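4 protein chains.
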Amino acid sequence: MNRFKVGVLGATGAVGQKFIRLLAEHPWFEITAVAASSRSAGKRYDEAAHWIEPIPVPPQIAGMVVRECDPAELPEVDFVFSGMDAAVAGEIERKFAEAGIPVVTNARNYRREAHVPLLVPEVNPDHIAQIQHQTFDPNGRGFIVTNPNCVCVPLVLSLKPLADAFGIDSVVVTSMQAVSGAGYPGVPSLDIMGNVVPYIGGEEEKIMWEPLKLLGDLQADGTVRNSSIGIHASAYRVPVIEGHLLSVLVKLAKADVTEAQAREVYDSWVSPLAGLQLPSAPVKPVLRYDEPRYPQPRLHAPNENGMQVTMGRLRKAGLFDFAYTALGHNTIRGAAGGAVLNAELLVAKEIIRPRN
Amino acid sequence: MNRFKVGVLGATGAVGQKFIRLLAEHPWFEITAVAASSRSAGKRYDEAAHWIEPIPVPPQIAGMVVRECDPAELPEVDFVFSGMDAAVAGEIERKFAEAGIPVVTNARNYRREAHVPLLVPEVNPDHIAQIQHQTFDPNGRGFIVTNPNCVCVPLVLSLKPLADAFGIDSVVVTSMQAVSGAGYPGVPSLDIMGNVVPYIGGEEEKIMWEPLKLLGDLQADGTVRNSSIGIHASAYRVPVIEGHLLSVLVKLAKADVTEAQAREVYDSWVSPLAGLQLPSAPVKPVLRYDEPRYPQPRLHAPNENGMQVTMGRLRKAGLFDFAYTALGHNTIRGAAGGAVLNAELLVAKEIIRPRN
Amino acid sequence: MNRFKVGVLGATGAVGQKFIRLLAEHPWFEITAVAASSRSAGKRYDEAAHWIEPIPVPPQIAGMVVRECDPAELPEVDFVFSGMDAAVAGEIERKFAEAGIPVVTNARNYRREAHVPLLVPEVNPDHIAQIQHQTFDPNGRGFIVTNPNCVCVPLVLSLKPLADAFGIDSVVVTSMQAVSGAGYPGVPSLDIMGNVVPYIGGEEEKIMWEPLKLLGDLQADGTVRNSSIGIHASAYRVPVIEGHLLSVLVKLAKADVTEAQAREVYDSWVSPLAGLQLPSAPVKPVLRYDEPRYPQPRLHAPNENGMQVTMGRLRKAGLFDFAYTALGHNTIRGAAGGAVLNAELLVAKEIIRPRN
Amino acid sequence: MNRFKVGVLGATGAVGQKFIRLLAEHPWFEITAVAASSRSAGKRYDEAAHWIEPIPVPPQIAGMVVRECDPAELPEVDFVFSGMDAAVAGEIERKFAEAGIPVVTNARNYRREAHVPLLVPEVNPDHIAQIQHQTFDPNGRGFIVTNPNCVCVPLVLSLKPLADAFGIDSVVVTSMQAVSGAGYPGVPSLDIMGNVVPYIGGEEEKIMWEPLKLLGDLQADGTVRNSSIGIHASAYRVPVIEGHLLSVLVKLAKADVTEAQAREVYDSWVSPLAGLQLPSAPVKPVLRYDEPRYPQPRLHAPNENGMQVTMGRLRKAGLFDFAYTALGHNTIRGAAGGAVLNAELLVAKEIIRPRN
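For the protein sequence lines, the chains are X, E, Z and W, in the order given. Note that the numbering used here gives residue 182 to position 182 of the first sequence, counting from 1, and the numbers run on in steps of one. Note that the numbering used here gives residue 151 to position 151 of the second sequence, counting from 1, and the numbers run on in steps of one. Note that the numbering used here gives residue 54 to position 54 of the third sequence, counting from 1, and the numbers run on in steps of one. Note that the numbering used here gives residue 133 to position 133 of the fourth sequence, counting from 1, and the numbers run on in steps of one.
Treat the hints as calculated values from the structure; they're not laboratory data. Note that the structure is a prediction, hence the values are computed from the model and not measured. The hints are all genuine.
Chain copies aren't distinguished; within one or between two, either way the pair holds.
No more than 25 Å apart at the CA atoms, straight line, and that leaves these computed lysine-lysine pairs for PhoX-like:
#: 1; residue 1: LYS316; residue 2: LYS251
#: 2; residue 1: LYS43; residue 2: LYS5
#: 3; residue 1: LYS206; residue 2: LYS251
#: 4; residue 1: LYS206; residue 2: LYS316
#: 5; residue 1: LYS95; residue 2: LYS5
#: 6; residue 1: LYS254; residue 2: LYS316
#: 7; residue 1: LYS5; residue 2: LYS349
Please work from the sequences and hints to get the whole structure.
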């Protein structure tokens, strides 16, 4: 099959670089355009970007001329990935959607929009039906799909098997988040080396809201009725490079679930993506460890190319029903990799189609 | 006043070294004996100990000959501090108490004993009345007093003002604990650098039990009726040198307490030690910060020579009533420094008295 | 004695904050003015500064209104400390000197100026005679004194006893430098956690030049004839908070010096400041350890309030004569603390005098 | 081709685990036996080993029963890799060689033996001719080949192009070494977090001797005449997980070599392994960066699966001729991976042959 022509918006930033790395050898997608702010536009990519990925700039990208983030400048693309800052993403993404170019974005601007899917393919793939209710593009070709905050991905993926089997009443989560979540230059070393910072601005609000939409019910009008789960979140920054670790307490809707039953639902849970052959989909989206010292960010965030969520120490908990630890790679599964998987699902469902 | 003659049991270990450092210039206590295992006994202290404190071995200690941990070998001491491992502390501490030598210990062995105080002076000073019910020494001179696990100190100190004012129904705590809590050599660098380990053996059980005794009610028979607070604890190891940070959720017994009321009880709370002039007592045992990024282990664990507990981000929390972050210096306030403060209270109350 | 009235230029920056901390309880100096860029001027200090020191803003400073860095705005001060960035320090410091206000600066702008002392009080105190040759102020009251780059301080202090005793032919130094040397926000955590960066822009040039002036000879015309020592420097950034560690090789002018002789010159070396009673002078400016694992930044940079240079592993070295490790606290001894000590020497020598 | 049957001695230790990981999918070698101390022998491998690699134990190894390190217990193997501690490696490796089993070892015991190659395939492949002079096995089948200390590999590989082109007079190296070099549990986190330790026992002696043999000349009698290069080494431990970084100064035998000439010899240097198709050989054994901030341990130690040595900041240096930074992955290229490459060369040269 011919690969889709893809543009990356915000290509010089930390998320944009991750898109470029993840797509360097992608079987379905080929980057034909990199776009960024006017400050970078017109320069060669390898001169415009302060490259921070631990591999060289892919040679086919290095010499590309950075374009403006304007749909008229990317006439050939089938769709775009957006790694733009929220400060500018709102208007630019809308323009692309209006111009008939699908936008698969990691930015937060449209996550709460009534007809925009907030999508984790293994959790709420049916929400892609929201797209047909979007009105950005009168021709029905352009649309916007978002992926959630980087903590929400391991949270909802690790809750999903329990939610399916028993229903969930309430959740308490304390996150221990890696510095890469703050981008580059991001967290100063003087703030975080040998230290923990008990506050990440704006983070807890997202962790307490986005899972409600992700675990909500699609309505006939294309909106989502949010879940009524109660969530409390406390977000901490820890001196870890990659991988957000979550300490989770959960109260189930069903009473008297045993530890053995809870373990069983994890070990037997089947992803709704099974059989779709999406290139970036992990074989096992949620892996449960019995070893009590697992998962650990440095050891397990890279599992399945950073796309697997891991969990462990599943145990009965006083006050609540169960306690466990969950882990997700924040800049892959929780950001660019999640968006790539979203796009793969949209291609498999023929919602993203070749331009001609 | 003449200083009390003090022995340190387990003097070569990490906690023992901290006792030696803290007592190097203590106005009330003078170390006259250092004791350790047979492997060290008979050697000069500075040759027997693998010294890890960031100051030199105090000169008056360096040349002391290490003695066996046997009451007959420490005939001159008024009382002893114990920094021994739990593996050996039980029997040795009992022998000292039986021999008429008060034991102020950091070891966990007697914390659950019916008539042994588990003591944090600002929290349950009345529990020292348990001592008179101890039967180790028929002459009534020898006894044992313990201090709690290093997480429990910042937990109960930060709960105490709320408990006094409103009563506490239940508590959820996720701890992010420093590597120094595991002693020396302790945590291998390969395990913890750039990482978080979601399990600390035996820790959560202590955090879920010890506060119940600490916040319990002294009975006429010298026992303590444990508090009925519900507690859930999850313990994590983080790459921090000193300072255990706690993410705490609390449900009060009283309904409808406002954030302003909660802040007020912290800011106006008066320590029961006020006026006692104990040398190691912090001026302000619990300091509350308004700055949301505070407290942080590297910045604030050293407050008031490591004896102050700090807290911040006190806020209303869904599911519970309030959330906050608390911090305590684990090897000072949570270990040797806590024991020293216990001894100071016992001296002030004339329960530890000069031998002659 | 009345304390000198002191202004701090660049008071909101990292070095400025260190000045404020070090002077909070200084017996000779009292900060009466804090000055910074126009962006901060007019605000309360505690609102203008992003405070990063691990103690609160001293209360007597917190409420001060930040002034412009203009001599007319600081009419009452006896002299100023400058912690300004090099980008602006040159012109502003000159204006203060011209206005008759002595400037004791940590900035690098005037270090190579013919009549400006580059001063480490224990190394080249006689260089203060250069001041009388300065022509900034026709009334002879205003002048500029600089302290060297933060690596140069432990380098020249650790070389000084050898230089005095045997003369030095050449030096090779590889520095392992703390992140605090880059200021705040400074080094991004993503760059340095679990990593080493083999380049610090502009650093090696300073390390290869400044010691030549520091160890040079004062001439009758007030200039310094630079030392002819050969120096090669390689500068690395390591994940350490405070303390620059140096791996040093030295070839002496004198042949056949034994290891015992070399050790002896360190242990018997007497500081030229001995007897002057300068408040910030370390009792022992250079401490030599025999323990081969010492010195270490985390353990020993804080020695003597950060003002002592430590060294160890002094040993014969093939190709050269001796190898050793040296350590200095980069933001205290190597920056603000060094400047404070310079000012103390100038007061003791009555070169800084009360304004009236 | 049938894969060689391989045993791993010391299979449960840190180096043994690395062998198991590297050989898990090796095209030429198949592990058929894992052997360790009597404490582990008889147990399943996954129960005997405290596994620390960031991938699971390969399933074909997990269930193997650990054998004693005795040649009679490994009758089927074609050769063995040894990751044993030096304390026991000497006698056991000799027994295997005497029993006709080639030993490719990472232990240091035989590195200085007259007829035992100390081998880095790209540096001194001709030294394998020493093997025919070994007398361990009268049948001429068993022998021992060693690889050097983990610092020596990036040192000699980075020196080799210069040595070939210009000859080398003398070398000064300061190493900044990762904690993984000390094995597991290895360096306590309390010693190294936010710190540098200026001493690694026994390390500098190896760095100053082993390159002399590696760069020495093979003699007709099967011995090696050591190089007469002068080397001084200073070894430091830094808080890095993987990757030893070296600050190197080099004086060439040839005068007046320009920086451009030196760069050119690196960029045009051809490995003697080119064309041999060894599975573990890096495409480019020594990669030179122009970016002054490179190489960095966290970014570049993993290059080419940890088998590539990187270097940068090649520049003229006063006192010497050139300065540069070099980096090698210490537990792969500098340990188990180096041994695997040694074995691959021995197979390619038909010195290791199938048993039957």
